[in-house]
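Peer 1: Given chain L, put chain S in place with the hints provided.
Sequence order for the protein chains is L and S.
Just so you know, the numbering used here puts 18 at position 18 of the first sequence, and the rest follows in order with no gaps.
Just so you know, the numbering used here puts 4 at position 4 of the second sequence, and the rest follows in order with no gaps.
Note that these hints are calculated values from the structure, not bench results.
Check each hint, because a few of them may be wrong.
Because identical chains cannot be distinguished in the list, a pair is counted as satisfied if it fits within a single copy or across any two copies.
[As the list claims (entries may be wrong)] The calculated lysine to any residue pairs, modelled on SDA-like cross-linking and capped at a C-alpha distance of 20 Å, are:
1) 322 to 85
2) 233 to 93
3) 322 to 88
4) 52 to 328
5) 35 to 58
6) 52 to 337
7) 219 to 166
8) 233 to 154
9) 233 to 159
10) 35 to 94
11) 24 to 56
There are 2 protein chains.
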Amino acid sequence: MKTLSVDLGNRSYPIHIGPDLLGKADLITPHIHGKQVLVVTNDTVAPLYLEKVMQSLSGFNSNSIILPDGEQYKTLDTVNDIFTRLLENRFNRDATLIALGGGVIGDITGFAAASYQRGIDFIQIPTTLLAQVDSSVGGKTGVNHPLGKNMIGAFHQPNCVIADTTTLNTLEDRQLSAGIAEVIKYGLIRDSDFLKWLQENMDKLLSREPDTLAYAIEKSCQCKADIVAEDEKEHGVRALLNLGHTFGHAIEAASGYGNWLHGEAVATGMAMAAELSHRLGWITPNDVDIVNTILKTANLPVKSPAEISNDRFQELMAIDKKVMDGTLRLVLLKSIGEAIVTDQFEHEQLLTTLNHCRAV
Amino acid sequence: MKTLSVDLGNRSYPIHIGPDLLGKADLITPHIHGKQVLVVTNDTVAPLYLEKVMQSLSGFNSNSIILPDGEQYKTLDTVNDIFTRLLENRFNRDATLIALGGGVIGDITGFAAASYQRGIDFIQIPTTLLAQVDSSVGGKTGVNHPLGKNMIGAFHQPNCVIADTTTLNTLEDRQLSAGIAEVIKYGLIRDSDFLKWLQENMDKLLSREPDTLAYAIEKSCQCKADIVAEDEKEHGVRALLNLGHTFGHAIEAASGYGNWLHGEAVATGMAMAAELSHRLGWITPNDVDIVNTILKTANLPVKSPAEISNDRFQELMAIDKKVMDGTLRLVLLKSIGEAIVTDQFEHEQLLTTLNHCRAV
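Only chain L is shown next, with the shape it has when bound in the complex (with noise of 0.2 Å):
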């Protein structure tokens, strides 16, 4: 097992990263301060390891709540379903949610402990490799409005984030490959060394080899763990940690929640934040070459769908959280390993760069 740390003064906690954690009692109990547990998990994990968790809780008054699996149920109207459940249990304000599940169990879970009585302690315990790389740590929490992604939320620390890599066996190829969209933007953000080794063991990882999937979970932790310190409340750095995010999320508001994965999004995402970045001449054909090549190699999209028109696509991507007074922000790469925020592009380059990127 390895323990990694992210610093936030009297806030900062570990992220604990190894195969068969999930039982382990000495790793969970500590970091709960009353007696109240409530595990927020969905019915396709539940099955998996609801039962495992539980038993490493006895001594405590411990529940569950099993909500339906997908990112179209991450809304207002589930979070109240956990007050619900927290209320008619009489929970207090030292009572504490544990998230078992993928990045839609944690920002709900982490968005129910952000708001319940103001605020109570929260586990994550992801499942999936997009919740072990990225949205497990770093305390963004939320949920979806019909009208936008992640527009309600809070940011709220866990106490403690727990990820089991043997719980990635389980995971389904597609689930698998949408994770390594988000350790592949580490990569192109912030470190290409990262990125030449993705490319050199992209097959290892892509079999589940349990040290090459640990390493890349440590890498990837490792990054955003240095960033959340740096910058918790994203007035800076942290934003870089959106490459791809801003067309992501217009796909996926486009398609509907739940038919695109996240982490797919993102991917495509990607490759067109790399395709701008060589229109604004930061970067060359040979680099969006290399974004395009490692993300189909991970079996990813780099097409958006044919159906979104550029109207509909600027305009979802109108509603993100990076655009300041009516502006359009995006993350480009300035080269493979350096990202940047910029609104320094013309608006004939955005829809070049929506066409040139949509499947035909």
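Peer 2: The following block gives chain S in isolation, referenced to the frame of chain L:
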């Protein structure tokens, strides 16, 4: 105009108190950092003051949303209506919300600001005495759940509080008295001299003598600001501000939100807290008389509704944010001017108090 400060480091903010402040753009605009502003108000306050506030926002991209008036609308659904309006108007992370109204408007608006795009700025313009002396200061925001009052929310401090005492001229007598309940609270929990002053000046307060009102608001805000600066997230002394609130919340919930005004329920709750404090031997029958008399002089109720049984009362009190590990904790009086949080009372003493304080 008098200006107090809530000292919270780089999140410190001013409280301006005085007549005719509503239209003064120079008080509001320095606290708006983007171009987009949404004023949240209700259908009672809008006809009186909305135009004046909107006029002071010329130069901004300003909108308003008018909610139905009443505690029964302090729900997650109403907050979602605000999100919808913000997204329909493409409001970004640098937008500002302005709460124009009483405590309900302030609580809803503050929670919307806390949760929209993980937190945007907001300004409080309280137009009821209760909001001016209590709820607009200190960053407690939130909404009710059918199973418990203020169970969903966040700590989110405003950028500025503007308490225009002229707005109190249009307040119904019943609302004025409800606000006085919270003013009396400050005297009871930590300032016996102020309580004496209130006893001597209650007539002038009720007749809305401007200088008397202004002094009561300043004293209350100063007390609140001091306590919030000392204990923002209610780990200690801030809990004392909940004198009467555990009993009061139970009355509000049992009676249906909106039937009892919050201040009325708190008044009865304080009478009940005084009664229990006496039964514990902490305060004299004369002290209990002092509490009951000043509340009655302020035209506030001191008896709980006849229809709430002891079982129902206790069931509702068990859902309280001060409960820890299943143990009910109450704010009680050690003396007039000194409150403590305690679980050191017998169940029998609580039952006797519930019986004693019930209307016949």
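Peer 1: Decide, hint by hint, whether the structure agrees.
Peer 2: How the hints compare with the structure:
1. In this assembly of identical chains, the alpha carbons of residue 322 and residue 85 lie at most 20 Å apart only when taken from different copies (19 Å versus 34 Å within one copy).
2. Proximity of residue 233 to residue 93 under the C-alpha cut-off of 20 Å is restricted to the inter-copy arrangement: shortest distance 12 Å between copies versus 24 Å within a copy.
3. In the homo-oligomer, the alpha carbons of residue 322 and residue 88 lie at most 20 Å apart only across protomers (17 Å), although the nearest pairing inside one protomer, at 38 Å, exceeds that limit.
4. Taking the shortest Cα distances, residue 52 and residue 328 never come within 20 Å of each other, neither inside one copy (46 Å) nor across copies (33 Å).
5. When the C-alpha separation of residue 35 and residue 58 is checked against a cutoff of 20 Å, the pair qualifies only within one copy, where the shortest distance is 10 Å, while the shortest distance between copies is 53 Å.
6. In this assembly of identical chains, the alpha carbons of residue 52 and residue 337 never lie at most 20 Å apart, being 40 Å within a copy and 52 Å across copies at closest.
7. For the identical chains of this complex, residue 219 and residue 166 are intra-copy neighbours only, at 18 Å inside a copy versus 60 Å across copies, given an alpha-carbon limit of 20 Å.
8. Within a single copy, residue 233 and residue 154 get their C-alpha atoms as close as 10 Å, and across copies as close as 16 Å, so both meet the 20 Å cut-off.
9. Taking CA atoms no more than 20 Å apart as the test, residue 233 paired with residue 159 passes in both settings, with 17 Å inside one copy and 17 Å between copies.
10. Taking the closest pair of Cα atoms, residue 35 and residue 94 come within 20 Å of each other only inside a single copy of the chain (8 Å); across copies the shortest separation is 40 Å, beyond that limit.
11. For a Cα distance limit of 20 Å, the shortest separation of residue 24 from residue 56 inside one copy, 6 Å, qualifies, whereas the shortest one across copies, 59 Å, does not.
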